[in-house]
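**Student:** Chain residues, written in single-letter form:
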Amino acid sequence: DSGVTQTPKHLITATGQRVTLRCSPRSGDLSVYWYQQSLDQGLQFLIQYYNGEERAKGNILERFSAQQFPDLHSELNLSSLELGDSALYFCASSVAPSRVPYGYTFGSGTRLTVV
Amino acid sequence: GEDVEQSLFLSVREGDSSVINCTYTDSSSTYLYWYKQEPGAGLQLLTYIFSNMDMKQDQRLTVLLNKKDKHLSLRIADTQTGDSAIYFCAENPGSSNTGKLIFGQGTTLQVKP
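So the protein lines, in turn, are chains S and R.
First residue of the first sequence? That's 1 in my numbering, and the numbers climb one at a time after it.
First residue of the second sequence? That's 116 in my numbering, and the numbers climb one at a time after it.
Derived by calculation from the structure, the hints in this document are not laboratory data.
Hints may contain errors.
To be verified - With a straight-line cut-off of 30 Å between C-alpha atoms, the simulated DSS-like cross-links for lysine-lysine are:
(1) R/185 / S/57
(2) R/151 / S/57
(3) R/171 / R/183
(4) R/185 / R/171
(5) R/171 / R/151
(6) S/57 / R/182
(7) R/151 / S/9
Turn these sequences into a full structure, and let the hints guide you.
**Tutor:** Next up, the structure:
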């Protein structure tokens, strides 16, 4: 157990629907990151939050949004889902907002299948 | 730009050494990392190297950094079947002032008994 908890582990939904993925960071970590892993795109950085504030944005679609709550857990909302959104979504956490010498701790991911 | 490249596949025999190579583009990257992903699991940090180092050794793992050529390698000595996994190289771009990591496509290491 890495200490980063992601729920649910698996999600199957239909095109056009909306889903919410949840992440609880490792105890003491203030920064949360979301990544998408797909076969064709590899691991793509989506967004980073630090202590409730958005810190960095990557290749995140406008249909996707995220937030970090006061208790530091984070949610990634995916709407108007398309078949191409099927992927593994990883959450990671770190103590610092930048210059992360020890890297991140990753959760085990949520596998999203859009049918 | 920010780009990290790796070869996609490597096959070795058990007991041999494995060398996984990576090139990156951001010369201001302060830290470079190697992550391991086993089937159905998240990414596990194997090791990292600070950009002012040339080499780092950690048990069976040796990381070599050639900053001039922006080339990073991971050597696994005495490779075991349990080392079969996907290995990702990643950089933390120095210009971004965030924790964002840029990952390579991953190298699938197959270890044959």
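**Student:** None of the hints should be skipped; say for each whether it holds.
**Tutor:** Each hint tested on the structure:
no.	hint	in the structure
1	R/185 / S/57	holds, 25 Å
2	R/151 / S/57	holds, 24 Å
3	R/171 / R/183	holds, 17 Å
4	R/185 / R/171	holds, 16 Å
5	R/171 / R/151	holds, 17 Å
6	S/57 / R/182	holds, 27 Å
7	R/151 / S/9	holds, 20 Å
In terms of the numbered hints stated before, the structure departs from none.
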